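Trainee: Let the sequences and hints guide you as you build the complete structure.
Protein chains in written order, with our numbering: chain A, 1 to 562; chain B, 1 to 145; chain C, 1 to 891; chain D, 1 to 141.
No false leads were slipped in.
As a list, the in silico DSBU-like pairs of lysine-lysine whose alpha-carbon atoms are at most 30 Å apart:
1. K632/C x K158/A
2. K158/A x K621/C
3. K188/C x K389/A
4. K389/A x K27/C
5. K144/B x K632/C
6. K383/A x K144/B
7. K144/B x K184/C
8. K185/C x K389/A
Facing chain A, according to a computed beta carbon distance under 7 Å, are these residues of chain D, among others:
9. R67
10. L74
11. V82
12. P90
13. L92
No wet-lab data here; the hints were simulated from the structure. Please read these numbers as outputs of a predicted model, since none were measured by experiment. Backbone N, C-alpha and C fix where the C-beta goes; we use that ideal spot for every residue, glycine too.
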Amino acid sequence: MTDHRIILLCVIPLAAGLISIALINRKALSRLVGILSYTLMLGLSLSLLLKITAAPDSESILVSQMGGWTAPFGISIVFDSLSGLLICAAAAVGLGAYVHSFSVISPVTERRYYHPLMQFLMFGVNLSFLTGDLFNLFVAFEIMLMASYALLTIGGSKAQLSQAYKYILLNVLASTIFLMAAGMVYGMFGTLNIADLARIVAEHEAANKELPAGFKSLAVMFLLVFGLKGAFFPLWFWLPDTYYTVPISIAGLFGGLLTKVGVYTVARLFPLIFASDGTSTILADGTMLGGTSPIIQTILIVAAAFTMFLAVLGAVSQHHVRRILSVHVISQVGYMVFGIAVMTGNALAGCAFYMIQHMVVKCALFLCCGVMEKHAGTDDLDKLGGLLKRDWFLGVLFFIAAMSLVGLPPLSGFFGKMVIIREGFFEGMWYLGVIGLVTGAITLLSMLKIWSYGYWNPDQAPTTNKPEAVKASCKPAYAAITLLVVCALFLGLGAEAVYKVANRAGEQLDNPKHYITAVLGDDAYAKVDELIDERIAQEPAGPASADGESLTLVNPEEEATP
Amino acid sequence: MTMVLAICVAVTFAVSIYLMLGRELKGVAMGVFLLSHAANLSILAMSGSPMMTHAQQEAEVAAENGSHAHIVDSPLMKDPPILASQYANEQPLATMVDPLPQALILTAIVISFGVMAFLLTLLVVTNRKTQTIEVADLAEEARKA
Amino acid sequence: MNSVWMVMIAVFAPVTLGLATLWLPRKAIELRTAVAVAGPLIAFVMLLMVTSGVKTGLATQHAYADHEHAHQIISEKVDLTTDTLDWMPSLNINFAFLTDGLGLFFGLLVSGIGIGIFLYARGYFGKAAPTSADDLYRFYPTIGLFTTAMLGLVLADYTILTLLFWEMTSISSFLLIGWDRYDKKAVKLAMQAFFTTGLGGMGLFGGILVFGNATGSVVEGGIWRWSQMLEHSEALQAMLLNVTSHPQLLWAFVLMFIGAGTKSAQFPFHYWLPGAMAAPTPVSAFLHSATMVKAGVFMVGRLFPVFAALPLFPQLIIPFGAATMLYGGVVALQQHDLKRIFAFTTVSQLGLLMCMYGLGAIDFTYKDHVFAAIDFDVTQIANHAFYKAPLFITAGAIGHFLSRDITQLNGAFYKHKAICGTMMLAALGLAAVPGTISFQAKELFLYGILHAADVYPVLWVVMVMTIITAVCNVAICVRVCTTLLGLPGGMTEADGEHHGDHHHDHPHEHGLLAHMIWLPGLVIVSFQFLGGIITPLWNMVFGIFEQPATAANYFQYKAEGVPSLLYVAKHLGSIPLWISMFCLVAGTMLGLSKFFRGSIKDFADKIYPAMYWLAVTGGGKCFRLVQTGNLKHYLIFVLGALLLGFGWTVAVDAEMWSTLTGDEAARVFEYWPGILIGLIACLTAVLIPMTDIRIVRIVFLGACGFAVVALYLVYQAPDLALTQLMFEIISVILFVIVLRLLPKEKKGADAGKAWRIPVAVCVGLVFGWMTLTAASHNRGETTNPDAQPLGHTLAQHSYGLKTDDDGNPKLDTAMSGDVGKRGGGGTNVVNVILVDFRGFDTLGEIAVLGLAAMGVWSMLPHRRRKGIKYRKVESDYPKEALDPLESEVTT
Amino acid sequence: MSSSILRTANGIIFPLTLLFALYMALKGHNMPGGGFIGGLIAAVALVLYRMSHGPDAMMRLMPVHPRVIVAMGLGIAALTGVVPLVFGEPMLRSIAPYISLGVGDPVHLPSALFFDVGVLLVVVGVSVGMIVRLGEEVEDE
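Mentor: This is the structure we're talking about:
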């Protein structure tokens, strides 16, 4: 369904960014514009999301073709359940981090293009979530990355600068590979539109026809690129080194948003396109079940396992709040990769749910850390203590967020994790399931570490930091954290409503038909249907499978060798 | 001709990786600079060979010399992606190089310039703050922090 | 069918009222207590009503019928589930409750003892103490949360709802153990307890998920409700008996047992429970003796009707249970802190309860015995609660006034008669003296072992372990009594050095509420003696909760009860009775003897620190192995991953090789100038790392760039060539400027050159090869032969309407939609693509450019210098906060 | 850096180069050229001008911070894209009308031209801004 309003989600931050360049010396006005922009984004994305949630399947994907050029000739902007959820969460997280920064960022830093950069970052992030074009995705990544490079070095402390180059160089390398891979996609398929690619892949699958030579290698390259942005094993190194040097609000924003963009692209592109091996099974009801490339799935499984486990060990061994939280970002990404690796509709739904809740919760934790630092003047656990006495409200907020992160029911982290692990067990990936559970327990330990050393234990803060003074100066921070924690609570207690949307997102990711017809028009999928009908006609329903489900199993290997 | 580009891509990429693995960030920056060349050339290769195929040459020559088609010795190149006239339905599009990769490269060049400039400035500022741009020294800094 | 609302009110009343107390004024302690106590009271009343609703069919029942016909079943099937209140239907978490005997019994136990504990807390924290207002302010909400969690846990029907409440009990337990928040030791112990039970919680979580997944063939979508599990017990048991073909069920059980075992402090994970004694005594009495620690036992009881069919069930549970029982009993004897003594006896008793379920599973297959070990599970559990809670309550009380160290308490009875009297009465329960219900319970347990051992002689080991444990328990009782009464044989100060313990020195107060520090204990312990002496009364109350052990008739009630003392003496056979007598005598002797009087440490206390060390230190080492901070290593990791992945795909993709031998290779030499330029580009690139002189490097870099420009020209890309040329110029200027700002190269060998070359070459080859593969793929030949690359379509529509033969504009109907009807209005296709077809890319791209510039300006703010005087702009940033170096805008 | 020969030469070349840049930008829709190329040529010219005439002359030429130019360019480009949204059209919907000026042939004025102008401004602003800024650092050393 066409709806040109969706591009406003990119226009709003762009416009706000430009306005705040003009207002570079007006602190209050800049802040006002920024808040307005985030609020507008949040409101718009929520209203659009509600709209498509209520709509029937055929109208549940909103599309706008840039320049009015029909897909695949122009650039398609697509707003489906997954992008909708993520943009909502991103706007909320952005608003939280932005408001929080008012109480922690120094005026000097703030004047150095902080406001425009925050807006442009959202421009890039929203565009990444929205775009339906591979090359445009590259551009969106670059906007986001460029803004993040600048935000990473903003303020320019020694610690920041001595680490920032790694983030930038690794990302430049990944971007270059992305660029080449996008070019190669054009070389192989003559198109860049994601829906068009999905169509071509679906046609291959329906005909059980091999995908072009080098397709698998291309998929590996994409995985490397997105894996690096998403901080998968063994590509996460840039993350811990850089996140604990930036101003804490920015760390919160990065921790919440940036890795999710990488994970999102994997979730978007892999089940639909790059994880395909060109084979398929036709189910009894005439729907097609695409085959999954064992290489890609194995890589994802290995990545998920190591990302979850190794990173949580890293997190629990740190002795600074920021570092614990930073390294945890990676570990949690492991769960999302787990969801993608399972690659069923339900697992992807779980992954979507997990992503949005993690954005909110992780950002909230970072922001809490910001206030903790204000109280104690440090984030070293050995020098913290007794914060509960100083600031019980912060303690409550932190505790809820921390337990959400750990995933104790009924808080938000639980539900996504539950669905993912359930599907993992169901699909026979019990090893991932067990690692996921153990990781959960160690996550608990690390959060308890922060809680026990930070909020309990004797107070060691310098007496100069009067609790009242800190509280007074951190009013925006409290507002921001409260906002995010309320969101997190809603995601937990109201998980049903959110999960329904996530479930639809999972379905849309699992079944390319909706996406393809929404972007390319109803005829686009006709060829696939034709091919499926042909195959059903050729091979009448085979014997019922052992489980009693009547599958017409078409084994591609057997077919290929006559 | 694609082979030539592929070799160029391989060599520039290899050299840039070699430079990026070096011990000083100046060399690394040069590696990044080369990296963008490698990427651009790789995309350029996707527009296919700039030389016409045998059949295309025959058709071209036939169009020029009436029906007496004979292949000239020197190879014919395709046209640049600029339409000869405003109502160009006569334009033999098959003998024009694919314009889309060019547009992609143009975008990529601009972006890589931006990144490059930022990276170079970062080096200057980093050097000013940390007094070093040696990778090993900066890693030491990370361990200390 | 019960009203779900009644149960909902029962479950949520404690937390609601507990939280409500937060809004009461801090000093209003009496009011606070009243409001908080109303919580468990309401829950208790509600559950009683639910019970009476369920049990109407039992009115006609004769509870203590003749035991010759003990398995007579009243064959009235009762619906034990409530309605469902939808919460998250698609995630299988709704409010529905299973109000069976086990659940309701636990519910009543929790709320009933809860009332006592809530009142006791008032006495314990005391009105007169300066901190009590604060303590009570925090205490009631937290303990209310716990009560709710516990009630929900035992009553929930949805498996995941059970898990939800399960974790909630862990959280509240954590908050309560760490009550002394600023005491590092207590905080550590709280962490230890939460981590251990949390680990188990993850096990339960996994077990529930695996179970739900594995039962998809029984119920559509899997089993996510306990009642469903019980209803389909036959099908499930058939699967369990043949577990090799359904290994998932086995793992489901093992995982759930990990949860149950850690929660119920089974050896070797029992260490957290003695540690949990850092909590205030009301908490110890409530959570860590009477209720929460039984959650694991409860879980095993829940699973029992179905999972008893699993051969592994007794094999796993009996060894763990027996070991826990023995270890707890023996260690308890050698403690000095009253709370630690009782904590270890709790551990021991939990082991016994577990063991009982294990034995029950064996009996399960031999139904013809008169009493199965499992028949009186509720009695066993209730029995323990009714002496252990009073023991803790009085331990806390005596700790208040004197000390909790038993060596300090010689003759304490004469100072605090009520408290010590209650404690001694409860201790009699611990010792299982005839006259307490404990005695019958132990008899039944021994009886169960005896019968099971007939079939499995290996169980004699368990018998011996039970005897030793019983002897220890009696010895503890003897020592407590003799000490308190100041008799010879009691513990004295000579037995151990006095450690500073939690001595809450609260001022004395008077009045009824002050007596709450021991009164609830007396009320609770009275059940012991009521049950022991007037056994029919006990049966009337608790018999109705005893569910049949077999799953087949789980939803029916049976009419039987705990045998009375007389019956035990008459019928149960002499062996258990003799064993009991032996234990009493031997225990008394041991208690009076000098053996085992010292205080020992529990070796399991080291387990958690070891795990912590392993995770933190070992895991940290593991992590730092990859997180070196060095860019070089990171690049190697990334490139290594790339090479591995690529190598693997090439290995399986045979067609990749064809591109190397295909006709692309043959067409290399078709255009000589192209080759020459390519050669220059390669050569200049290779020369860059050959030199150390930076200006030469830049020259080569520039030369390489110009070669690329030439390549663009060869490829008929004039726009590209022009743009690249200009950017090349600017970039070289930039490089020259920047290199002047950077330090000079250090002379010396560039270390590690050798290994860099193969890595670089491999990576280069990967991308060269991929370029070739992708470019040589014939794009026309996708599934749709008509399809042409986008670029060609874009070229066709670059200007606009096409013309027909007469030069008139015509619509291209072949193209669908908008593209056919208009064009971009330009003849330079590349530019039209840039600004029109893909204009959005360009918008993004100039945004990147702008961002890069902003990044540069943000890193290098302008300094005050003569030359630069931009237009003066007002700023509303605070003046003093400005960086003195920054003066670009002000001046 | 500022030799008199360079200064004199640049005095002549500079306006010509700027004109050439404008020409390249405007004809870009039909011939090789366009906003990028035009912008870059202008940027190179401006950088050379600063080298030959010094920063003060540059300030007289460009009295505002380059970010203003960048923001303006981005704003123009974005505005070109956003205007169609107001009319319910998708973003960046182009039109290419012939506008009659009363004299001579009607002028072909594609809306993309405005977009190109935006691009040009951004490129000029960024290149000049960055090089000038880094150049100052060198001069400060």
